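Protein chains: 2
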Amino acid sequence: MKLYHAAGSPNSRRVRIFIAEKGLSIPLQSVNLGEKEQLSDWFKAINPRQQVPALVLDDGTTVAEVPAIWRFLEETYPDLPLLGRDATRKALVSMWECRVELDGFAPTMEAVRNAAAGLKGRALSGPHDYEQIPALVDRSKRRVADFYADFDAHLEQAPFVAGDAFSAADITALVTVDFATAALKMPIPEDARALKRWYAAAAARPSAGA
Amino acid sequence: MKLYHAAGSPNSRRVRIFIAEKGLSIPLQSVNLGEKEQLSDWFKAINPRQQVPALVLDDGTTVAEVPAIWRFLEETYPDLPLLGRDATRKALVSMWECRVELDGFAPTMEAVRNAAAGLKGRALSGPHDYEQIPALVDRSKRRVADFYADFDAHLEQAPFVAGDAFSAADITALVTVDFATAALKMPIPEDARALKRWYAAAAARPSAGA
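Here the protein sequences come in this chain order: A and B. Under numbering that gives the first Met the number 0, read the first sequence as residues 0 to 209, first letter to last. Under numbering that gives the first Met the number 0, read the second sequence as residues 0 to 209, first letter to last.
Same shape as in the complex, but just chain A (with noise of 0.2 angstroms):
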């Protein structure tokens, strides 16, 4: 099995993160999403979407998505589970991680990609280019506004995203609160008490430096 990452993709970071609360030692592999090797031939060979992270396995295969490669490793490695441990808890998992991808992950990757100056014709990533729409910049950052907001309010009443245990779901939060704070400026704001309790458990956990 091998890891093909970046660094600085928050995407990869979500896979990285997982693979260490599971304690797990799986050999990665770096692709320079600055010299565009995402977009190479030997990469589109190993994933014709062109994105990190992907998983390939022993037989060959490519598993890419987050929630994809998050599913086999669960399914592989079941200790530790980061997916939910019965049939409601998993699916109230995987309830909780679709809202902070849809709600908080997705809007911050939006906001950063229509407004990069590097990324002119690529809003989208994958294999089409698309043209930027400014106007999506001021959405986006407004959604991760609310997102903070509802998910302050959520967490009033649960210690971790998905209820009384740290999942998956909590592993996305954290990757957009750092990348929303790191690329588009937007920290968690100083009244936003229960979410900044959440982020200093969840930051202090040494898969976050993962």
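Hints listed in this document are in silico derivations from the structure and should not be mistaken for laboratory results. Some hints here could point you the wrong way.
Since the list can't tell identical chains apart, any single copy or any two copies may satisfy a pair.
[To be verified] Derived DMTMM-like pairs (lysine to aspartate or glutamate); straight-line CA-CA distance at most 25 angstroms:
(1) Lys119 to Glu109
(2) Lys1 to Glu155
(3) Lys43 to Asp145
(4) Lys35 to Asp190
(5) Lys43 to Asp57
(6) Lys35 to Asp145
(7) Lys195 to Glu74
(8) Lys119 to Asp151
(9) Lys21 to Glu130
(10) Lys43 to Asp163
(11) Lys195 to Asp78
(12) Lys1 to Asp151
(13) Lys21 to Asp137
(14) Lys140 to Asp40
(15) Lys140 to Glu130
(16) Lys35 to Asp149
(17) Lys140 to Glu109
(18) Lys43 to Asp151
Being a predicted model, the structure only gives us computed values, none of them experimental.
Given the coordinates of chain A, work out where chain B should sit on it, guided by the hints.
The following block gives chain B in isolation, referenced to the frame of chain A:
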């Protein structure tokens, strides 16, 4: 268990087809989107994100978001699996389902929501109001056209979206094609022969009527 849904909601249909494929019988309750019943207090108490579908379990837990409802049903009724039979197939179904959702389903919804006169100020579903962005309509239609071309090429090499068996990835793709055809007047192009062959088979299944 009870499923809150709406007849014309593509996300509701993704769950109804899944239930039909499994041969399950789950009570349905309609939410009238035309009368904005999803924004009512009674429905907000069921799903604070104010979206259908939502599955309420026997213990009162609400599971929302399509992948989460699917996961609950698959764990609870593992016969006739639609999310994959083993670790690798589970990962591949998840990967292809994500791709159909990101490349086909999401842009179809985005094109509709950013254009419809009745959705002014409601460009995104959920609890927050966001203005429509007209430039998104054209970009989303281009993305749907790219989705058709990419998946036509993919289906030249595989009978079903995720490989050798019908899966949740086919359900999202079928709902995408039908919604793009009806709401965007974008049927599968005539020359997309593999996609048309796949569509004919998927649409002929009894579950497609759900």
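Each hint tested on the structure:
1. Lys119 to Glu109: Result: close both inside a copy and across copies, 13 angstroms intra and 21 angstroms inter.
2. Lys1 to Glu155: Intra 39 angstroms, inter 28 angstroms, cutoff 25 angstroms: neither.
3. Lys43 to Asp145: So Lys43 and Asp145 pass the 25 angstroms test across copies only (17 angstroms; inside, 36 angstroms).
4. Lys35 to Asp190: So Lys35 and Asp190 fail the 25 angstroms test inside a copy (40 angstroms) and across (32 angstroms) alike.
5. Lys43 to Asp57: The answer is within: 19 angstroms in one copy meets 25 angstroms, while 47 angstroms across copies does not.
6. Lys35 to Asp145: Between copies only: 21 angstroms across, 33 angstroms inside.
7. Lys195 to Glu74: Neither: 32 angstroms inside a chain and 34 angstroms across chains, both beyond 25 angstroms.
8. Lys119 to Asp151: neither (34 angstroms within a copy, 28 angstroms between copies)
9. Lys21 to Glu130: neither (39 angstroms within a copy, 42 angstroms between copies)
10. Lys43 to Asp163: Between copies, since 23 angstroms is at most 25 angstroms while 40 angstroms is not.
11. Lys195 to Asp78: neither (29 angstroms within a copy, 43 angstroms between copies)
12. Lys1 to Asp151: Cα proximity of Lys1 and Asp151: none, with 37 angstroms in one copy and 29 angstroms across.
13. Lys21 to Asp137: neither (37 angstroms within a copy, 43 angstroms between copies)
14. Lys140 to Asp40: Result: close neither inside a copy nor across copies, 35 angstroms intra and 28 angstroms inter.
15. Lys140 to Glu130: Both, since 19 angstroms and 13 angstroms are each at most 25 angstroms.
16. Lys35 to Asp149: between (36 angstroms within a copy, 21 angstroms between copies)
17. Lys140 to Glu109: Classified as both: same-chain Cα gap 9 angstroms, cross-chain 18 angstroms, threshold 25 angstroms.
18. Lys43 to Asp151: Result: close only across copies, 18 angstroms inter versus 40 angstroms intra.
When each numbered hint is compared with the structure, violations occur for hints 2, 4, 7, 8, 9, 11, 12, 13, 14.
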